[in-house]
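Engineer: So the chains spell out like this:
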Amino acid sequence: MAYLEAILINVAIYAIATLGLAIFTGYTGLFSLGHAAFMAVGAYTASILTYFYKVPFFAALSLGVILSVLVSFLIGYPTLRARLRSDYFAIATLGFGEAVKVILENFDLTQGARGLPGIPKFSTLGNTYLLLVLAIILCRNFLKTTYGRKIIAIGQDPVAAEMIGIPLLPNQLLSLGISAGLAGLAGGLLAHYTTFIQPSIFSMDLSSLVTAGVVCGGMGSLTGPVTAVALFVIIPELFRGFALWRLVFYGMLLVIIINWRPKGLFGYEELNRKNLPKLFSIAGITGGLSLFMPTYRWVIESRGYEMFALFVAGAVVGAVTVLFGLLGKGLSLALAPVAERYHSLRDRLSEKLASSFGDIGTAPSYPTIEGADSNGLKENEAIREPILEVRELRKNFGGVVAVDGLSFKLSEVELLGLIGPNGSGKTTVFNLISSVYPVDGGTILFRGTDITPWGPTEVVVAGIARTFQNIRLFSSMTVLENVQAALHREGTYSLVEGFLQWPKTVPQVERRLRDESRRLLSIVGLEREADRRASTLPYGLQRKLEIARALALRPKLLLLDEPAAGMNPREATELVELIKRIHRDERLSIILIEHHMDVVMSLCRRILVLNFGRLIASGTPEQIQKDPLVLQAYLGEKAYAVVR
Amino acid sequence: MFIQTIITGLSIGSVYALMAVGYSLVFSVLNFSNFAHGAIITLGAYIAWALMVHYLQVPFFPALLLSMGGAGILAFLNERIAYSTLRRRRAPSLYLMISAMGVAISLQNLLYATIGAKLYALPPVFAMDVVHIGELTISKMDIFAFVFSALTIAVLHQILIRTKVGVAIRAAAHDMEMVSVLGVNLDVLVGVLFFIAGSLGGMAGVFMGVKYMVYPSMGWITNKAYIGAVIGGLGSLPGAIVGGLLLGLLEALVSVSSLGGTSLSTYRDVFSFGILVILLIFKPTGFFGRHVEDKL
Chain A
1 MAYLEAILIN VAIYAIATLG LAIFTGYTGL FSLGHAAFMA VGAYTASILT
51 YFYKVPFFAA LSLGVILSVL VSFLIGYPTL RARLRSDYFA IATLGFGEAV
101 KVILENFDLT QGARGLPGIP KFSTLGNTYL LLVLAIILCR NFLKTTYGRK
151 IIAIGQDPVA AEMIGIPLLP NQLLSLGISA GLAGLAGGLL AHYTTFIQPS
201 IFSMDLSSLV TAGVVCGGMG SLTGPVTAVA LFVIIPELFR GFALWRLVFY
251 GMLLVIIINW RPKGLFGYEE LNRKNLPKLF SIAGITGGLS LFMPTYRWVI
301 ESRGYEMFAL FVAGAVVGAV TVLFGLLGKG LSLALAPVAE RYHSLRDRLS
351 EKLASSFGDI GTAPSYPTIE GADSNGLKEN EAIREPILEV RELRKNFGGV
401 VAVDGLSFKL SEVELLGLIG PNGSGKTTVF NLISSVYPVD GGTILFRGTD
451 ITPWGPTEVV VAGIARTFQN IRLFSSMTVL ENVQAALHRE GTYSLVEGFL
501 QWPKTVPQVE RRLRDESRRL LSIVGLEREA DRRASTLPYG LQRKLEIARA
551 LALRPKLLLL DEPAAGMNPR EATELVELIK RIHRDERLSI ILIEHHMDVV
601 MSLCRRILVL NFGRLIASGT PEQIQKDPLV LQAYLGEKAY AVVR
Chain B
1 MFIQTIITGL SIGSVYALMA VGYSLVFSVL NFSNFAHGAI ITLGAYIAWA
51 LMVHYLQVPF FPALLLSMGG AGILAFLNER IAYSTLRRRR APSLYLMISA
101 MGVAISLQNL LYATIGAKLY ALPPVFAMDV VHIGELTISK MDIFAFVFSA
151 LTIAVLHQIL IRTKVGVAIR AAAHDMEMVS VLGVNLDVLV GVLFFIAGSL
201 GGMAGVFMGV KYMVYPSMGW ITNKAYIGAV IGGLGSLPGA IVGGLLLGLL
251 EALVSVSSLG GTSLSTYRDV FSFGILVILL IFKPTGFFGR HVEDKL
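So the sequences go chain by chain: A and B.
Heads up: the first sequence begins at 1 in my numbering, then just goes up one per residue.
Heads up: the second sequence begins at 1 in my numbering, then just goes up one per residue.
Read the hints as simulated data drawn from the structure, not as lab findings.
Here the structure is a predicted model, which means the values were calculated and not measured.
Please note that the accuracy of each hint is not assured.
[Unchecked claim] Here chain B is said to cover these stretches of chain A; the calculated rule only asks that three of the stretch's residues, wherever they fall, bring their Cβ under 8 Å from a Cβ of chain B: (1) 85-97; (2) 207-217; (3) 259-270; (4) 498-504.
[What the hints assert, rightly or not] Restraint ranges, calculated between C-beta atoms of paired labels, are given here: (5) A:T124 x B:Q57: 53 to 63 Å; (6) A:G566 x B:R162: 38 to 48 Å; (7) B:Q4 x A:L4: 51 to 61 Å; (8) A:E458 x B:E177: 52 to 62 Å; (9) A:F107 x B:Q4: 30 to 40 Å.
All residues carry an ideal CB built from backbone N, CA and C; glycine is no exception.
Please model the complete structure; the sequences and the hints are all you need to start from.
Structural biologist: Shown next, in the form of structure tokens:
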């Protein structure tokens, strides 16, 4: 029994650590090779406190968690701020892991490489599992909040996340902090279970185990990694003779999974009724394999034929696997009605809970587009200056001058076209306005304020939203979640409330965000696709979703970068109607880059033409179409001479 | 004493450079950090050990060449098995890195499980011989490692600028898609690339085995070669050389210095990683690296 308890406790401890890494790697998309170091910090802090200072267990654990989080900020702040690419960040964490080990080895309080023996055995089956369940609930709650969506958005596409106004550093640090805190908790529990720690325990091997758990369990999932790491702890116990081969096996599994099944066990979904059969089959194979050797030996002893014994043992493995698989299927079917009832019960309960707090109908007011409109109109009359003014804008890439002294003004509620041959610098102008690139010269004034030195998220907050030439959606999120992620500034509850899914505030705000997202989707005609995964949408609809996501930022100015690219004439006509509609209804100022001339000509009263980063013409569509410089730029000088 | 330290630094730095070149070559074309390179280097050293000590008594030079060939083939297989699927699917570089880590973990522990954790010595080729120049004592092996590393990198440089394959590799470093459109077989190109990187790694492994010992976790040292490659700028050949040498020198200097009475040599590795982090913060592209930007 003690043996079984040991395995179970180990499962819970490693599951907590893996849960942390699942948030950081699986959701935020950052790779850490030094997670064992956070476990070490938690383990040493808690052990020193309980061992030398007789601090109560849970207080010591908490202090270990806090210190792990602080240490993670210490390493995370400089490295994440520098925006290291993912492999540089990984090697930096590897170095950090090594540094922590060296420090522990040379530090008096930690008794160096000899380690700390005689730590009180406080971790029990009860408290480890209680903490595991608590950790899972808190993580799950967190991911369902606006804070969680920000982190997931960054994991899917950091550039797009920034372009919807999500600053990377604070959110990545938050994710790292949660992750390190859980690792520290796991470390503290581990120390108080094994009762002896030394620096070498917290090695690369431990980090690898946790990483393997996340990758094999599936990115973007909590229960997947927990299940996977549980199997990783249990399986080697079943094959005691192969202890040395354990890590060989993990490594191979990493290669196999990432190459041929990158989704892992439950990638981008959680353990649910539908994938129960899968889980049971895996458990069946594991259980079956563990019976292989005993059966084999038993048959050899009683009959003595090797071939026969192999056959019987193989049959047992097969039978157990099939049996478990069937059991899983049966259970999944049997649970179907229960699940349905549970879901409806849960919905009703949450509704009741929310309504018991009263003010469900009176959602606090937030800046709706309608509200902004009337303001915008008044301002339009009051302020005579243009909404956007670009003066002498300049950008070089190496020797190439992409934008060369461009100046233009955009009045309030104008729909301006920006055209030009390929490589004429149109998208670069957008990238400069939205602060993706720093400018090399000139100024950008938005509503009279110089926004040239601002960062991308500040520009978004000020009211400039954009779409991308190469679509950049959060592809593993649903259509609805893509828009919800962009509404992050309206998630007006605190992080603590989010973790607790505080019934007084969170459900209401979340419902409001959902309703608002649906409304924005209906503007672009995507309300029926709300629950589809964004990556499964056809191309034309993905472009519309990008527009809906941009609208969710409550922009004053919308930059549309080739919204009609890759659309057929019918879709392009629809798009023209859509742009006209949002321009009219939301009274937005819009700059439109487009190659479909029909689209530009039918939408814009004024068009700017760029060539080699310079403004070569501007005027009404009719003027542009006759302009000799424009014709030359598009047709080439010789062809133009012929045409003329 | 100071010059002695410099010489030690240069000799270890040259081996770092040899390993760093392997990282940089792969990075320049495939744009990911091949963390399995360390395992290939280790296996190169083990091949030399098997040839020179365990099974046969092959002399040093044939053993060196065979180890290089063997490590090259292993690196080639490594790519075929662990990266080619991801490469064709254009998976994010995080995936390639995870796969590389899987290979590294697997191979290193395969050595523990089969050959064991014991340290093995390679026969002292020159290690016992030293040259005295004035007050300096320089081991011949160090000189040999330095000269041979330098020669090999020079040959590689010539290959890259003069041969057809070399031109293709350099072109692929700029734009892999374009190169494949122009009719270069990417599978062959990447195969050659990994073979070259692997055989350089094999050579470095043998040098390290002679200088120190052969053991399963010797690949750990290659992490520092990686740091060298990053300092110089990943993906750049001169960067890898300069970075490797620089790191070797700095480490040698740190090892002999002390702070407030305590020797800093225990903190040497921490120091290397510290340099890495500081450099990455202030100059993430290293000295010679190029900046890659996403097209929006």
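Engineer: Which of the numbered hints above does this structure break?
Structural biologist: 4, 8
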